[in-house]
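Trainee: Residue numbers (the working numbering), protein chains in the order written: chain V, 1 to 285; chain P, 1 to 398.
Where hints are given, some of them may not hold.
From the structure, some residues in chain P lie toward chain V, with a derived Cβ separation under 7 Å [claimed, not checked]:
#: 1; residue: ASP51
#: 2; residue: THR140
#: 3; residue: GLU208
#: 4; residue: GLY209
#: 5; residue: TYR210
#: 6; residue: SER213
#: 7; residue: ASP216
#: 8; residue: PRO219
#: 9; residue: LYS223
#: 10; residue: LYS225
#: 11; residue: GLY238
#: 12; residue: SER239
#: 13; residue: GLN249
#: 14; residue: GLY267
#: 15; residue: ASP275
Just so you know, these hints were derived from the structure itself, not from any lab.
Given the structure is predicted, the values throughout are model-derived calculations rather than measurements.
Think of the CB as a built atom: it goes at the ideal place given N, C-alpha and C, for glycine as much as any other residue.
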Amino acid sequence: MTLVWGGLALGAIYALVAIGYNIVYLSAKTFNFAHAQLLMLGVFVTYTCLMEWRLPWLLVIVLAAAAVAVVAAIENLVAVRPVKDVHNILVTTLGASTFLDGTVSLIWGNQPLAVSFPLGGNAIDLLGGRVYPIEPILILLVIVIVLADFWISRRFLVGLALRAMSEDPEAAQLRGVNIRAMAFGAFVAAGALAGAAAVFVGPKTFAVSTLGDSLALKGFVALAIGGFGSMPGALVGGAAVGLVEILAARYLGGEYSNPMIFVMLLTVFIIRPAGLFVHSSERTV
Amino acid sequence: MKRRQLIKAAATFATAATLSTTALISTGFAADDVFRVVVLGGLSAKGILADNSSTSVLAAQAGAEIVNKNGGIGGKKVVVEVLDDQANPTVAVTKLREAINSSSKPDAVLNSGPSTIAEATLPIINQAGILSFNIGPTKTSWDAAKFPLNFDLSPAPANYASGFLDYIKVKGYKSVGIIHGNSAYGEALGTLMEKTVSEGGVTVTAKEGYDYSALDMTPQLDKIKSTNPEALIVDGYGSVVGYVLQGIQKLGWDIPLLGDNSIAATGLISKTPPDGVLGTDAVKNLVMQVFSSTKYDPDATGVNEAVATMKSLGPIKASLILAYNYDALALMAAAAEAAGSTDAKAMAAALETDAVTTAAKTEILKKYNFSKESHAANPSNDSFAFIAPSELKDGQYQ
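Based on the provided sequences and hints, a complete structural model is requested.
Mentor: What follows is the structure in structure tokens.
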């Protein structure tokens, strides 16, 4: 059970990255390949606020969300908005990720930095396994985020507008949705969410300048397994990637972790090409 | 107008030439007597590699300063040129080719690692007939038949493994587990460690690898734990060290941890909380294999001079384990003196003799044991020490 908890906690982190990818995808039909780096930036902001400035934990969540939201807004204005072709955005956001990697290294250095968690850093027994307190919290957090998305997208105008945009941007625009402003808002909101979530990620991963690279690819695999645009899919995809990674390492060997993840991805694509939670639609042309 | 610009350019050139000649003469070197050393280092690489490269470069610069104070290499002033290869073999090859084809071809090249850089650049250096020193050993970089002008400064995995075996026997452990990274070095170390330790009569209960991008090592540790070893040999650097320590604590595993020198190069274990884990239960069972020079000793005047010189040139960001390049300069000075020449082949032949490596004022490793057949560092086991983590100050554990 220790390994299952570990896999689910790891999967929760991948799911957080996948959710960030999804928010941008739903609003702009493209991906922000720098999202994992935004999460990494949030972890470093958390380190500074929490470990160096000794600020209260709740305030750190607000500050990390605000700081990463500002960086996401700048990224959008510099690397997304001026680009006309959505396909090129993949390249420019990849460039932004490299820029963020370098900036983080310059500011915080290259050594890993420990980030604490208010509930402590000692392992505890939980339902037949050993976990660090942050691990079940991470799992809970990602479930709450997905439920909150479900609620917001059905009960609030902004959520309904986002859903409308994702289904048919032109129709949404005709109904009065400012799709340009909405896309920008979604991009910034994804950044804010990454910043806030980073406060929970740091205690498990440390603040390290290679974190973005470690999360980017597996976050994308989690997204692909669940289906592009599906929040529950991101949750399940993340959990699947985390569990397969951990269990393959335990029972097959560490060198089999990544191959097994991609075997799973291929299997899902063969059975359900659009991902587990997305139905592909057909229309007569 | 053109004439004016020409006169201006000529005047600038003449001033620069005069100034540089004056500078050389004032240090006791003739203007044309320059020994050019190119240092390849991944200064803008990602992660911990950048700090390691910075220390390697600093060590070369400090070594040059000390050697120049003592008359240079073969009477020539050493000039160090640093090429930032970003720890990327393609960049390293491009920049090295530019340097070799320039008007000031280097007399020596120092590879600051990792081994992928050496793999890509050694054939080029060899073809150009340039003397080289390498801190990222590859499978063949030590082979004098293949690379007659290259000398490995970093001990080979077999040397480290031999040092581990000595320590394991002293401690009386009958069985060990091994966890190592999937880098070329990690794989080689894991394999050689298993072979050396097994041949030494110690049972290896399990050997597990991990991916450097992984964020949790608990599965591998759990698998090794199930085989009940008496001690665990750990290879890893950077955040991986943190994940291994996290995993061991999570499993509630109370086992002696024997870390290799890459663990000693990780800042996390030399800093007290909140920045690191020094002084916590996470490292209470950890000892690390380092060079004797990596532990501060007030009586080690040579090492202390090296550290002071490095410090005067810039901050020492990583452990002194990465400062082999300091020794490269001392080795070249001794080789040139013995050979009576700065010819690469003559210097290489001199370095293969025990008299030269004994005379060389090396400090990071006291003695390199190159031979006609093997250009591996081959230090004796007493070059290594096993120490508990402590504060790292100016590249040395206190």
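Trainee: Could you run down the list of hints and mark each one as holding or not?
Mentor: These are the hints, each one checked on the structure:
1. Interface hint at ASP51 of chain P: satisfied, since its Cβ lies 5 Å from the closest Cβ of chain V, which is below the 7 Å cut-off.
2. Taken as an interface hint, THR140 of chain P does not check out: its beta carbon lies about 24 Å from the nearest beta carbon of chain V, beyond 7 Å.
3. Among the interface hints, the one on GLU208 of chain P holds; its C-beta lies about 6 Å from the nearest C-beta in chain V, closer than the 7 Å criterion.
4. Hint status for GLY209 of chain P: holds, given a least beta-carbon distance of 5 Å to chain V, under 7 Å.
5. With 7 Å as the threshold, the beta carbon of TYR210 of chain P comes within range of chain V, its nearest partner Cβ sitting at about 4 Å, so the hint holds.
6. Of the supplied interface hints, the one on SER213 of chain P holds, with its beta-carbon coming within about 4 Å of a beta-carbon of chain V, less than 7 Å.
7. Among the interface hints, the one on ASP216 of chain P holds; its C-beta lies about 5 Å from the nearest C-beta in chain V, closer than the 7 Å criterion.
8. About 4 Å separates the beta-carbon of PRO219 of chain P from the nearest beta-carbon of chain V, less than 7 Å, and the hint is met.
9. With a least beta-carbon distance of about 6 Å to chain V, the hint placing LYS223 of chain P at the interface is held under the 7 Å criterion.
10. Hint status for LYS225 of chain P: violated, given a least beta-carbon distance of 11 Å to chain V, over 7 Å.
11. Interface restraint check: GLY238 of chain P against chain V, minimum CB-CB distance 6 Å, threshold 7 Å, status holds.
12. A hinted interface residue such as SER239 of chain P counts as satisfied when its beta carbon comes closer than 7 Å to some beta carbon of chain V; here the least separation is about 4 Å, so the hint holds.
13. Here the hint on GLN249 of chain P is kept, as its CB sits about 6 Å from the closest CB of chain V, short of 7 Å.
14. Among the interface hints, the one on GLY267 of chain P holds; its C-beta lies about 3 Å from the nearest C-beta in chain V, closer than the 7 Å criterion.
15. Evaluation of the ASP275 of chain P hint against chain V yields a held restraint, the C-beta minimum of about 6 Å falling below 7 Å.
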